[in-house]
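Taken in sequence, the protein lines are chains A and B.
Each residue of the first sequence is one higher than the one before, counting from 1 in the working numbering.
Each residue of the second sequence is one higher than the one before, counting from 1 in the working numbering.
Just so you know, these hints were derived from the structure itself, not from any lab.
No experiment lies behind these values; they were computed from the predicted model shown.
Be aware that one or more of the hints could be misleading.
Dumping the calculated EDC-like pairs for lysine to aspartate or glutamate here, alpha-carbon to alpha-carbon at most 16 Å [unchecked claim]: (1) K417/A x E317/B; (2) K417/A x D314/B; (3) K417/A x E367/B.
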Amino acid sequence: MAMSNLPPTHRATLLPLLLFFALGGMSALHALDFETAFGKPDAAAITGNGGLCVAVGPCGQITSCRWPSPGYCNQLSCTPAAQDKAQSNVLGAAWALRTADGRFHEAAPGQVACAAPTSTAIEVRDSFQDAPFTTRQTLFVHSSRDLLALRLDVRGETAPVRFFWRADFTPCARLLPEWPLADWACGAINDFAVFADPDRKTVYHFRPAAPRADDWQRARELVGRNAGPAEWYAFGDGVWIAYTSPNPWRAAYCGTAGEPFRQTETDSRPTQRAAVGNVQSALELEPDVQAEDQSAVLLVAFGKNRDQVDALLRDAMTAGFAQLRSETEGYWAQWLKETDTIHDANPLRQRCLLTIAQATDRQSGAIAAAPVSPSPNALDFPREGAWTTLALDLAGYPAAAERHLNFYKKLVRQQDKRGMPAGSLPAAAYTNGVEAAPHLVLETDAVAWTLGSIWQHTRLLKETARAAQLNAAWPGVEAMGRFLSHWTEGNAGVPLHSFQREFLRDRQTERSLWTTFMGVAAAANIARTLGRVQAEEWKQRQDELESLIQFRCLNDPEPVRLPPTFPFWLQGILPKTKDITWDIWQAEVEVDGQRMPLANAPFPIDALRKDTEARLLFDSSAAAMRLIAESLPNSR
Amino acid sequence: MERGVGGELSRRMETVQNPSPRNRRIARGWLALLAALLVYALLVLLDQHLKRAPHPGFRPEQASCTAFAPDAPQTWMALKRLPAAKTVRDELPRWVHQAELALRLATGIRPEPERWRVWLGPQMLASIRDGQWGVCVRPGVLLHAAHWANRLVASSVDGFYTYRGLRYAWREGFLVASPWPEYVRAALQAAPCANTGAESRPDGVSLVWNNPVPGEALLVPGDLELRGRLTVSIPHTPESLRLPDAWPNDPMLTVSMQRLDALSPFWSLFADTAAAQWLERHGTALVTAWRFPALPDNWDARLSEAALALYDVDISEITPVPECAAALRDREAPGGTHPLAPLLTGDHPIPYAWNAHPGQILPVFGEKCSLCLAGDEGYWLVTTQEPLMGRLLGHLSPRPAPANTFALRLNCKKAGGLASNVLRRAAALELIPEMDPRDLEREWLPAVHVISQLGRLSVDASSDGKQVIFAARLSEDGHE
Numbered sequence: 001m002a003m004s005n006l007p008p009t010h011r012a013t014l015l016p017l018l019l020f021f022a023l024g025g026m027s028a029l030h031a032l033d034f035e036t037a038f039g040k041p042d043a044a045a046i047t048g049n050g051g052l053c054v055a056v057g058p059c060g061q062i063t064s065c066r067w068p069s070p071g072y073c074n075q076l077s078c079t080p081a082a083q084d085k086a087q088s089n090v091l092g093a094a095w096a097l098r099t100a101d102g103r104f105h106e107a108a109p110g111q112v113a114c115a116a117p118t119s120t121a122i123e124v125r126d127s128f129q130d131a132p133f134t135t136r137q138t139l140f141v142h143s144s145r146d147l148l149a150l151r152l153d154v155r156g157e158t159a160p161v162r163f164f165w166r167a168d169f170t171p172c173a174r175l176l177p178e179w180p181l182a183d184w185a186c187g188a189i190n191d192f193a194v195f196a197d198p199d200r201k202t203v204y205h206f207r208p209a210a211p212r213a214d215d216w217q218r219a220r221e222l223v224g225r226n227a228g229p230a231e232w233y234a235f236g237d238g239v240w241i242a243y244t245s246p247n248p249w250r251a252a253y254c255g256t257a258g259e260p261f262r263q264t265e266t267d268s269r270p271t272q273r274a275a276v277g278n279v280q281s282a283l284e285l286e287p288d289v290q291a292e293d294q295s296a297v298l299l300v301a302f303g304k305n306r307d308q309v310d311a312l313l314r315d316a317m318t319a320g321f322a323q324l325r326s327e328t329e330g331y332w333a334q335w336l337k338e339t340d341t342i343h344d345a346n347p348l349r350q351r352c353l354l355t356i357a358q359a360t361d362r363q364s365g366a367i368a369a370a371p372v373s374p375s376p377n378a379l380d381f382p383r384e385g386a387w388t389t390l391a392l393d394l395a396g397y398p399a400a401a402e403r404h405l406n407f408y409k410k411l412v413r414q415q416d417k418r419g420m421p422a423g424s425l426p427a428a429a430y431t432n433g434v435e436a437a438p439h440l441v442l443e444t445d446a447v448a449w450t451l452g453s454i455w456q457h458t459r460l461l462k463e464t465a466r467a468a469q470l471n472a473a474w475p476g477v478e479a480m481g482r483f484l485s486h487w488t489e490g491n492a493g494v495p496l497h498s499f500q501r502e503f504l505r506d507r508q509t510e511r512s513l514w515t516t517f518m519g520v521a522a523a524a525n526i527a528r529t530l531g532r533v534q535a536e537e538w539k540q541r542q543d544e545l546e547s548l549i550q551f552r553c554l555n556d557p558e559p560v561r562l563p564p565t566f567p568f569w570l571q572g573i574l575p576k577t578k579d580i581t582w583d584i585w586q587a588e589v590e591v592d593g594q595r596m597p598l599a600n601a602p603f604p605i606d607a608l609r610k611d612t613e614a615r616l617l618f619d620s621s622a623a624a625m626r627l628i629a630e631s632l633p634n635s636r
Numbered sequence: 001m002e003r004g005v006g007g008e009l010s011r012r013m014e015t016v017q018n019p020s021p022r023n024r025r026i027a028r029g030w031l032a033l034l035a036a037l038l039v040y041a042l043l044v045l046l047d048q049h050l051k052r053a054p055h056p057g058f059r060p061e062q063a064s065c066t067a068f069a070p071d072a073p074q075t076w077m078a079l080k081r082l083p084a085a086k087t088v089r090d091e092l093p094r095w096v097h098q099a100e101l102a103l104r105l106a107t108g109i110r111p112e113p114e115r116w117r118v119w120l121g122p123q124m125l126a127s128i129r130d131g132q133w134g135v136c137v138r139p140g141v142l143l144h145a146a147h148w149a150n151r152l153v154a155s156s157v158d159g160f161y162t163y164r165g166l167r168y169a170w171r172e173g174f175l176v177a178s179p180w181p182e183y184v185r186a187a188l189q190a191a192p193c194a195n196t197g198a199e200s201r202p203d204g205v206s207l208v209w210n211n212p213v214p215g216e217a218l219l220v221p222g223d224l225e226l227r228g229r230l231t232v233s234i235p236h237t238p239e240s241l242r243l244p245d246a247w248p249n250d251p252m253l254t255v256s257m258q259r260l261d262a263l264s265p266f267w268s269l270f271a272d273t274a275a276a277q278w279l280e281r282h283g284t285a286l287v288t289a290w291r292f293p294a295l296p297d298n299w300d301a302r303l304s305e306a307a308l309a310l311y312d313v314d315i316s317e318i319t320p321v322p323e324c325a326a327a328l329r330d331r332e333a334p335g336g337t338h339p340l341a342p343l344l345t346g347d348h349p350i351p352y353a354w355n356a357h358p359g360q361i362l363p364v365f366g367e368k369c370s371l372c373l374a375g376d377e378g379y380w381l382v383t384t385q386e387p388l389m390g391r392l393l394g395h396l397s398p399r400p401a402p403a404n405t406f407a408l409r410l411n412c413k414k415a416g417g418l419a420s421n422v423l424r425r426a427a428a429l430e431l432i433p434e435m436d437p438r439d440l441e442r443e444w445l446p447a448v449h450v451i452s453q454l455g456r457l458s459v460d461a462s463s464d465g466k467q468v469i470f471a472a473r474l475s476e477d478g479h480e
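For reference, chain B alone in the conformation it holds in the complex (with noise of 0.2 Å):
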């Protein structure tokens, strides 16, 4: 027995001091793997490392917007679980497609959120300069080897390296890349970018922009909402807007203000634009040919709070009549004169009443289009229709919303319908070039249908005197 035992003993002392071609081969085998492994981990340690990234990165001095996102991949799954995001995949799947492939093609990278995260690392920082855009990534080991194979077939001109169309250089870890050199030598130049704004979240995005008004925003798209602030000065007023959400029968679109002059620090985005110079020149024309009289300079004095509302556009006929509606709050007790009666001085309205609240009716084109006047326990009303003016009279509801400065709410759905009916409209009387009706709904339609299936926009902004602070955010159709 001990023979035995000692035997095979002896045997197996004898396999490991001389082991045979084929157990030579297994451990060969095994060691191989483990240093397959070790090098993986070494290679995992060093692409973390590589990732990890100081600072925001480098883009240009004086970029007119800057955007941030700590961990782009995640912001993107949170993107594509958006109820949004299966309708644009379903409605728009040549569009998804186009915009997939003209990414692969300038980057290479399947665009799917966790090859970017291997490939480019987390966070990315992209901005515009005098309409150049570019970005800053942080990549790991899998594109600085990608990058020293491109160095093999490309050598670099003043300093960058072209990969189909872009530009890009590295500096202190980071990946410059853009269409434009310009883009890249001036990030190459400034510092690392220190302002991306107050908030940050792994899953956001922080934007900054100096133009037109200075501001910043924290866009989260799982929790469907963008906030930030405006650097412009508006009088600040410790009272909420009241009519918001006053509104009955659910308009299209609501605007409210506290002060009528509320936006002018905005009108500078939109005065040079051909649209704006447009309407300066016939509408001036217009208005003058009116001849209305015009309202005395302290009109709007009594007022504290002005609100206009969309309720439809009637399109039976060519022309669209816009079905329309505005409130206007008085501070003091009601009683007095409408405000805008002063309008009414050069004419003869009708007088009227709805509901046995008195006011007057002045056609201006047609039933269609009337200047209708009436006032309501502190409220008075302007519409564009009697039948308006008899369902909103005695029906709003006002109520504090979270804003004491602009308000703006808007039905994506019947946004989209009446978008979808005017452009049917439209290339039905050949005024789309290119598109008949049949081509809008293949190429158009699909994309008013998705923005149809937005539910509700809120925006939301009050100032502080010194600042707007302002919050956007989508919700399921229906009220919040």
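Here chain A stands alone, though its shape is the one from the complex (with noise of 0.2 Å):
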């Protein structure tokens, strides 16, 4: 369709589409980086059970520690990876190492891996700068209790090792909805209060619920007349974390930033038990010595009051250090076993669903995208998330699949508001459901992905129980629907101006068009399946979308602009046909500087497994792409 074979006022309203395909997909060459934007994440790996998550850098510190869900605040006080690595080996929490000789040893980059396929437990080797001897650190999260454990082995070294653990802890009780910042920027206003019980051979971090400027008060006069341990507990529930080991103590260091990290790395004696503010804390243990072989363990505990948190170390000291582990990985792998429908055993596939279980919220069925520092990584993004709902889906866990649908159903907004409409949904919401992106960044790309994860997931189902499923996903879809059948334009049809990533506000791009065809398309794919009157309507709407993408493809040369696994999940909603008339799979695209048709679009298998590589053990995003590309046909 030529344009000068066009009448004239036919070319004035077309004219506008052009320029707006043309400058729409220029302009996507140059997408924003997400990491630029907010920090490189700062972890190697994650181990966690859907409450607690704990990230381990590559120098083996612990740089975040997110509870009571992998999305919810970071406890734990990591500023945003250095560029210089030798400074981030002392943030958030670590050992450190005191030589006979005197010299001290902190982190330093090390080699980090999962100690087994099917296990969650962490191993970071040779992590200590200019040591003499070797380290390895093993760290876990418990399957099934809010606690971390950890143990450092040190060999190599006849003479005694002085073992201390460090960490600057910063519980926090609030999450900030629309701003993902409350623990990443801010850091400083989070933290209340640190002491050492010696009786209990404790150390406990911790914030109460909506601290009054009463409660500061009080906690400074505590900590001004060196009060007893008793008069701490008092203050209530909030977020407590406390710490202790089954090696004997030697020293317990709190105090206000800096002070007890400095105080150990200058051999000084501790001057404080209390302190109040933004704290830290550090413990000096006596290791196991057993001829050349030096350990110590530590064991973290998660609670929202002292009880809590006394408990779970009470439980953990009597069960010991090994047990725990056996107790975990066994979780771990009869978990596997049992939920792993294709029972194929593939050591990578087992670490992606690892990954991607220990993203989730046990109570929410969200998935954190990367439960991670910096925050905003820590978020369930729906336009991302569709395809970790499809990764579940193909590597038979149909069940986790279904449970990460119902919550982005749950965020489907119901009422009209400013800039909220009706059948919107939030382009990030914390695991618990809160929405995490500011109100006004409008995102229909978000609702036309979980359309199509709703229609991709059923379609894997039996048919019985795929009827049973869309009729209980009725009413979030027919909002969905008509949200995005209804975001238009009007004379055009082009749908109108949604939050774009790449530029950080609205715009028209030819990638939206191309989604929002996806999502109407999976709509009207449900309705006709159900026999529902929005069919038709929508049907119709999906031909609008098609027209003008056909116009584009007819009337611009360039090729389409597309992710590449866009056509794999088009697939699932659109079928291929072999008309001869033009249809949306003629559209030209380019795959490795070759021009070819989307019907004939690879997987990008290669590319995936190359990108997705350093990330498998702590992007639940990354893992799940990961999964996909192993689970097809022509991956083996």
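Dock chain one against chain two, each of which comes alone in its own frame, and use the hints as you go.
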């Protein structure tokens, strides 16, 4: 359809459309990088249980402790990854060693790996600066208790080594709706107090819920007169983090920011056993010595009051590190065996599944994209989460996929508000369902991908189950479908402006047009399957959007710019046809420098394998894409 | 009879020449009273003589800021009579009490205007240099006597005396006091202060400063006015601004300027602050990501005035969303393209019309944050929300303002209401350190309420090419 054949009035209407496609397409070339905006994730691996999720950095230091959900606040102070790794090795929480010659060894980049393919335990080897010995750190979160267990083994040093564990916990008891910065940018005001109980051999960091000025005053007064632990316990519920060790204590350090760390570095004696404000703590332990091996164990419990953490630590001390590890590994091995319907025990698949499972909130079913620092990573993004749901379906975990979809269905806005129409979704959410993106951000892609995800999930079910699930999902589908199909400019039928991440503002882009088309097609499929009256209206809108895409393809010689995984997704929504008339599958795309019809675009298995390799141990989105890549027949 | 009168007379003479003990006591009493009155009169005269100052006083050379009050107690009384002062006393009794107590503990004088006059004299000169402040007064008899008493218990160190944490010294009848001995030393070595500003009033405070831009001002609390001048060169234009009071529906804040770069000499005030650096770092990245086309170099060539108005801030959700407008006065005939239209060329704005005025809307962050462009009879308008454009287009009432360079109008009641709501929200989200909503209501919101009661703040500034003359005043709520 050439422009010169059109009547002048049509040309006047269609010219802006061309401009829209041309400019929208061109501007997508320079996407804004998420990591550039928020910083690189400071993690190499995670270990969690769906409640507590701990991330370990490349130096073996703990960089985040998210509790009581993988998407909740980071209870550890850790600034975004420093360019200089030497700066980041004392952030968060980490072991440190002092050898007999007086040298102080802090964490440095080491080898981080999972202890075993079916284990959530992490091992970090040789991660101390200039150390004349080898080290192995093992840590894991217990499968059913909010408990972190760590063990450090030093080998090859006959002289006694002094073991320190240093922590900058910042208990945080609140989320900021719309702004996932509560822990990341507000660390200095999140903390409250730390105190050591020498009788119980436990150090406590805590923050009461909604502390008042009187609470702060009382805490300062307790520090001023060196009050006993019993008076601290009276503060009540909030966030309590306690740690202890079966190894004998040598010293406990408590103080405001920097002081305990400095005291351990300079081998000074502790001066306080409590502190208020932006606080840190440290513990010196006497190691177990067996010939050339020296080791120490630390147990960290998370709870909402002192009784809870004490009970967790008491049970953990009774059980011991080995038993706790055995329980945890046994749990996950059994989990993989019971729910892996494919039963091929592929280590890579198991690794991906475990990463996704550890990023899943055990209460809500939400899946944090990457439960690490900085905080915007630890949210559930419907646009990316659709792939995670599909990965779970393809891997044989329909129940987990269903839970994830149910989480998204609860996010659908039911009432119209300015800037938040009924049927729209937040661009991101905390794992407890609170909206995590500013309400001004209206991302229609989130709606489209959720509709597509519902269709993708149900089409893999048996027919009887499919109808039941679609009927259960219908209220949300109806609202989303109505919103997406009506989000149009009117005359030209082009979807209205919506938030585009690459530009950090509202725009109309070619990619968004395709995504809207996909979402409306999915909604039409659902309506048609259920025999709903909206089927015809949505099919009509689907055809309008396809016409717009066709217009662009036939009048612009440039190939369509779409994410390389998009054709694969679309196949699940729109069957390929062999009609001689033009359809969407004839749109031309570019793959590895070659032009081809969309119908022939392959799933980028090799590129995905390369892109996701470094992130499999902590990024559930990367794990999901890798799981899909490994699940496809032509991947083997 | 002669004997009776003469006897009476002689009896009285005898009384006078030989007074009785009782009479002697009465006479002594009267003499003492007369003596006391005489001494008192002498002391009053001496006191007045001591307090009569030949010049404002002493302060360090290169002081960054100097304030001089010819009659500080009178100024103080004028402040106390203001309705705002009553509001401060009613809303912030604890703060007022703490301030008065601190002053009393530092000086030993109960903070009341007449006691100040009695002890320290009428005039006061205060200044700041390198973060150190001090005052210079011309006291009378009482403080001289107190000083002599202090000398009995405290000796001088390097020529300074100490009283309750303050270091002080005397020079030519002036008392210079400061917490820092360096300040006192520098003041003693300096010449008498000659420059306290061109204007002076008995019930006012004259201010002179050097940084960041040299200037001077006169503060007259009784008139609720601050007027002065700044030594900064901004191009002069004879035409008055016309937009400061043109906005309908009483915006919370308006800022008008003859040129968009009128405030650039003041950028150095903020350039080194953490907020400015954060804004530059992240704001630049954000603007770059947005990828709006650049405006042409001469995009503002036709504009003779620019004004910004903040009407409201929507805090119904967590993210506050301002409702803003900008007006650009075009010196050429109506018609042509909106000067900001080039910003929209990279996108597909939505054609729109308000009251038959054509325009465009480009959503930036949804319907609450859009670029709405339209024009009306010599003015171009930009708003962030479509309904606001409908309320403004065709309803501006431009009229001359007493300024040709810069003008500001602040509705303190609306601003205070907004501040209260934002603070309450921040406290509920635990964003204010060590404070929850109840603490906030008790500690900070009364101060915000005081600000809300200030009425309307107007600032007008005019440039003559070499300096900017400004006036700021507070008026009752409602237009002047």
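*Within 16 Å, alpha carbon to alpha carbon, are K417/A and D314/B?*
holds (13 Å)
*asked:* Checking one constraint from the list: CA of K417/A to CA of E367/B, max 16 Å. Satisfied?
replied: Holds, because 11 Å separates the two Cα atoms, which is no more than 16 Å.
*Take the C-alpha atoms of K417/A and E317/B, compute the straight-line distance between them, and say whether it is at most 16 Å.*
holds (10 Å)
Every hint, counting from the list given before, is met by this structure.
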